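Chains A and B supply the protein sequences, listed in that same order. As numbered in my numbering, residues 16 to 350 make up the first sequence, in order. As numbered in my numbering, residues 207 to 523 make up the second sequence, in order.
For the record, the hints were derived by calculation from the structure and aren't laboratory data. Please read all numbers here as calculations on a predicted model, not as lab measurements. Where is the CB? At the ideal position from N, CA and C, for every residue including glycine. Check each hint, because a few of them may be wrong.
Pulled a few chain A residues facing chain B out of the computed Cβ check, cut under 10 Å [said to hold, decoys possible]: (1) D18; (2) G134; (3) R142; (4) Y164; (5) N238; (6) T244; (7) F247; (8) Y289; (9) N299; (10) G307; (11) Q319; (12) K323.
Each computed SDA-like pair below joins lysine to any residue, with the alpha-carbon atoms no more than 25 Å apart [as the list claims (entries may be wrong)]: (13) K477(B) to D466(B); (14) K254(B) to P311(A); (15) K233(B) to T153(A); (16) K429(B) to E265(B); (17) K233(B) to G307(A).
Stretch by stretch, here's where chain A covers chain B in the computed footprint (C-beta under 8 Å, at least three residues) [stated by the list, open to error]: (18) 266-274; (19) 278-291; (20) 311-323; (21) 328-340.
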Amino acid sequence: MTDIFLIFDNSLYQGLQYGLLALSLFISLRLLDFPDLTIEGSFAAGAATTFACVHYFGLGVISLFVATVVGFLAGMCTGMLHTRLRIGKLLSGIIVAVGLYSINFRIMGAQANGYILPGENPASVLRIANAAVAGWFTGNNPARPLYVYPVSNAILLIGIALIILAIFVFLRSERGSVLRFTRAENKLFLESIGQDYAGNLVVGLGMANAVAALAGGLVAFANGSASLTMGFGIILVALVAVVLGEAIVQVFHRELTDLWPVLLAPIFGAFAYYLILRTVQELNTAWQIHHGAPDPTFQLQYFQTDVKLLSVAILVVISAFRRRQVGGVYLPERL
Amino acid sequence: MRIRWFITVGIILMVFFNSCSQKQPKKVISVATFVDHVVLNTIRDSMKDELRNLGYTPENGWQIIVKSANGQPDLAAAVADELLNMGPACIVSISTPSTKPVFEKNAGRLPHVYSFVSFPSSIGIKESSPNTTGLSDGVDFEGSFDLIQALVPNLKRIAMVYSDEPNAVISKNEMQRIAKARGVEFVGQAISKEDEIVTALQSMLSRGVDAVFVGADSAVVNKIVGVVEIANAAKVPVFATDEGSIKMGVLAGLSVNYTDFGRETARVVDKVIRAKSADGVPDLRYKGNDLLVNRTAVEKLGIRLPEDIRKRAKMLP
Numbered sequence: 016m017t018d019i020f021l022i023f024d025n026s027l028y029q030g031l032q033y034g035l036l037a038l039s040l041f042i043s044l045r046l047l048d049f050p051d052l053t054i055e056g057s058f059a060a061g062a063a064t065t066f067a068c069v070h071y072f073g074l075g076v077i078s079l080f081v082a083t084v085v086g087f088l089a090g091m092c093t094g095m096l097h098t099r100l101r102i103g104k105l106l107s108g109i110i111v112a113v114g115l116y117s118i119n120f121r122i123m124g125a126q127a128n129g130y131i132l133p134g135e136n137p138a139s140v141l142r143i144a145n146a147a148v149a150g151w152f153t154g155n156n157p158a159r160p161l162y163v164y165p166v167s168n169a170i171l172l173i174g175i176a177l178i179i180l181a182i183f184v185f186l187r188s189e190r191g192s193v194l195r196f197t198r199a200e201n202k203l204f205l206e207s208i209g210q211d212y213a214g215n216l217v218v219g220l221g222m223a224n225a226v227a228a229l230a231g232g233l234v235a236f237a238n239g240s241a242s243l244t245m246g247f248g249i250i251l252v253a254l255v256a257v258v259l260g261e262a263i264v265q266v267f268h269r270e271l272t273d274l275w276p277v278l279l280a281p282i283f284g285a286f287a288y289y290l291i292l293r294t295v296q297e298l299n300t301a302w303q304i305h306h307g308a309p310d311p312t313f314q315l316q317y318f319q320t321d322v323k324l325l326s327v328a329i330l331v332v333i334s335a336f337r338r339r340q341v342g343g344v345y346l347p348e349r350l
Numbered sequence: 207m208r209i210r211w212f213i214t215v216g217i218i219l220m221v222f223f224n225s226c227s228q229k230q231p232k233k234v235i236s237v238a239t240f241v242d243h244v245v246l247n248t249i250r251d252s253m254k255d256e257l258r259n260l261g262y263t264p265e266n267g268w269q270i271i272v273k274s275a276n277g278q279p280d281l282a283a284a285v286a287d288e289l290l291n292m293g294p295a296c297i298v299s300i301s302t303p304s305t306k307p308v309f310e311k312n313a314g315r316l317p318h319v320y321s322f323v324s325f326p327s328s329i330g331i332k333e334s335s336p337n338t339t340g341l342s343d344g345v346d347f348e349g350s351f352d353l354i355q356a357l358v359p360n361l362k363r364i365a366m367v368y369s370d371e372p373n374a375v376i377s378k379n380e381m382q383r384i385a386k387a388r389g390v391e392f393v394g395q396a397i398s399k400e401d402e403i404v405t406a407l408q409s410m411l412s413r414g415v416d417a418v419f420v421g422a423d424s425a426v427v428n429k430i431v432g433v434v435e436i437a438n439a440a441k442v443p444v445f446a447t448d449e450g451s452i453k454m455g456v457l458a459g460l461s462v463n464y465t466d467f468g469r470e471t472a473r474v475v476d477k478v479i480r481a482k483s484a485d486g487v488p489d490l491r492y493k494g495n496d497l498l499v500n501r502t503a504v505e506k507l508g509i510r511l512p513e514d515i516r517k518r519a520k521m522l523p
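Here chain A stands alone, though its shape is the one from the complex (with noise of 0.2 Å):
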């Protein structure tokens, strides 16, 4: 039973740091239809402006306001790219993202790799926290000490769920109700309400990158550690979360239109991922010890290189069965 407990909670370490992640492209993706690319470079930069911030000028816990910061301005430059420059969906973010790549090396100080050291971290409090938690939980067993983390999920779930419901009511609102509508088929719509799509859009966007970036920084926090290459290949864990989640929040809860359970699902999502990615490296372990070791270039086994044909498999399987018509009707093709 210890063992599912752990992967439990391991899984939802890692799922609510990349929760966010999956929640920002959710915001893009979904509320604004906008496949926002930017993501890889404003992920790392949030963890670049966090290790910058932590590391020489010694700001703690306030450094995440500013990684925030740092990725509402990068989204901002994708919806300026996209509105004013009149530049398509994907390259302006890509643009944007390959563009961060060499800004975050001067965020970090000339480095590609950024250590934060144990001792101004202030996640450091959490860690010994969650050592004396778990310490207790198995009666200080040096033998066998338990590596889960009940508090900084605790204050994770916390954070989290006060960023929700502040997504929440922003979007209930009536300058978020608007958002909502800002999709580029709804242009017409919108300037017969006197409401200006571009704008909308600058602002969704960067809403979106900021809470990327602060996954970055929270990143940043748990692994003690930024580097340049972390946001690559970042939007695959995203997308598998995002479309994850709704499969999930579909069993109980058929329609995705109210606003609270596709909110949820990204978090849920990332979770999920994390889940299937730990249960099957764990089933690989148990098929390694049942082998003998067997040599790493022996085909049979799952490497750690297979995590993205798992991720692209979950892609497909979770679309294989979706429903594809209502009432007779195809619905149109979605990522």
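Given chain A, work out where chain B should sit, using these hints.
Positioned in the frame of chain A, the structure of chain B alone reads:
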């Protein structure tokens, strides 16, 4: 409805795993690496071989579990969680990006041996860190300078091209310091792009230098063939610190032998497991001690190898 099936299957799988793990031996050495890379794989494989020689075999009930993070920092954290929760006798982490999450999460609870970390202090590991020990790799600059002076007896000016990466800057600072101490003039040229290497080197060669040194600098090492060509045309020998460059035509160098490095890691792991703690085992700084000489370059430059170097050196064709 079908999603419910998936959840059920997932739970069944986990219950299955749970029943498996009860029988899992406590005699486990878990190894975290970051990515599939020539150096990391060499260390991993030679370490596993040496551990097998030391008696950590499946027949004796020992399991060595290796997990790579596929180059993704998010997976490095997940892998660290998994390996630590396995309850191993000792956890080994190879390379800095894998060592950081293991060190952070472990916090001295299990014996932790790191390997192939160039600057442990940069990630907060100190000699006094609880239950943590390991091996860092480094370039033997003093030894390299001895080698250069042995092969170029009347060394007056030494040239170096370096990029802005941290290892390169450290190489440059060290060489500059040693050259000053030994009364040799140091000519350095910083570059920001790989294309600038050739021009920078040509301008330095035209001012007359006796030797060119290439540090632990991936930008210059990538262009090593061009560097060797230009320098050899001016009859100036090139020295380096990695085996790959010496194979590509660099005259000689002291390089870290990563097979030996992996074996040494295995011996440290053995010590730690015997002591059941990493506290008493000192951190090691493993320096390049493999003297490699390129035979073709020796013939081309017409250099006479001193007798002691000829004995120590491993000749590469």
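Evaluation of the provided hints:
With a cut of 10 Å, the hint placing D18(A) at the interface with chain B holds, because the nearest CB-to-CB distance is about 5 Å. For G134(A), the interface hint holds, the least distance from its beta-carbon to any beta-carbon of chain B being 7 Å, beneath 10 Å. Residue-level restraint check for R142(A) holds (minimum Cβ-Cβ distance to chain B is 6 Å; threshold 10 Å). Here the hint on Y164(A) is kept, as its CB sits about 9 Å from the closest CB of chain B, short of 10 Å.
Interface hint at N238(A): satisfied, since its Cβ lies 5 Å from the closest Cβ of chain B, which is below the 10 Å cut-off. The criterion of a C-beta within 10 Å of any C-beta in chain B is met by T244(A), whose closest approach is roughly 7 Å, and the hint holds. Interface restraint check: F247(A) against chain B, minimum CB-CB distance 8 Å, threshold 10 Å, status holds. With a cut of 10 Å, the hint placing Y289(A) at the interface with chain B holds, because the nearest CB-to-CB distance is about 7 Å.
Satisfaction of the interface hint for N299(A) is found here, the shortest Cβ-Cβ separation to chain B being roughly 9 Å, below the 10 Å cut-off. Interface restraint check for G307(A): the shortest CB-CB distance to chain B comes to about 4 Å, inside 10 Å, so the restraint holds. Look at Q319(A): its Cβ gets to within about 4 Å of chain B, closer than 10 Å, so that hint holds up. The beta carbon of K323(A) comes within 8 Å of a beta carbon in chain B, closer than 10 Å, and the hint placing it at the interface holds.
For the hint pairing K477(B) with D466(B), the CA-to-CA distance comes to about 17 Å; that is within 25 Å, so the pair holds. A threshold of 25 Å between alpha carbons decides the hint, and for K254(B) with P311(A) the separation of about 11 Å falls inside it, so the pair holds. For the hint linking K233(B) to T153(A), the alpha-carbon distance of about 20 Å falls within 25 Å, and the restraint holds. At roughly 48 Å between alpha-carbon atoms, K429(B) and E265(B) are farther apart than 25 Å, so this suggested pair is violated.
Between K233(B) and G307(A), the direct Cα distance comes to roughly 12 Å. Compliance with the 25 Å bound is thereby established for this hinted pair. Coverage of the stretch 266-274 of chain B by chain A holds. Counting CB-CB distances below 8 Å, 6 residues qualify, and the rule asks for three or more. Against chain A, the stretch 278-291 of chain B contributes 12 residues with a C-beta closer than 8 Å to a partner C-beta. That satisfies the three-residue criterion, and the hint holds. Only residues whose C-beta sits within less than 8 Å of a C-beta in chain A count toward coverage, and the stretch 311-323 of chain B has 5 of them, enough to reach three; the restraint holds.
With 3 residues carrying a beta carbon less than 8 Å from a beta carbon of chain A, the stretch 328-340 of chain B meets the three-residue requirement, and the given coverage holds.
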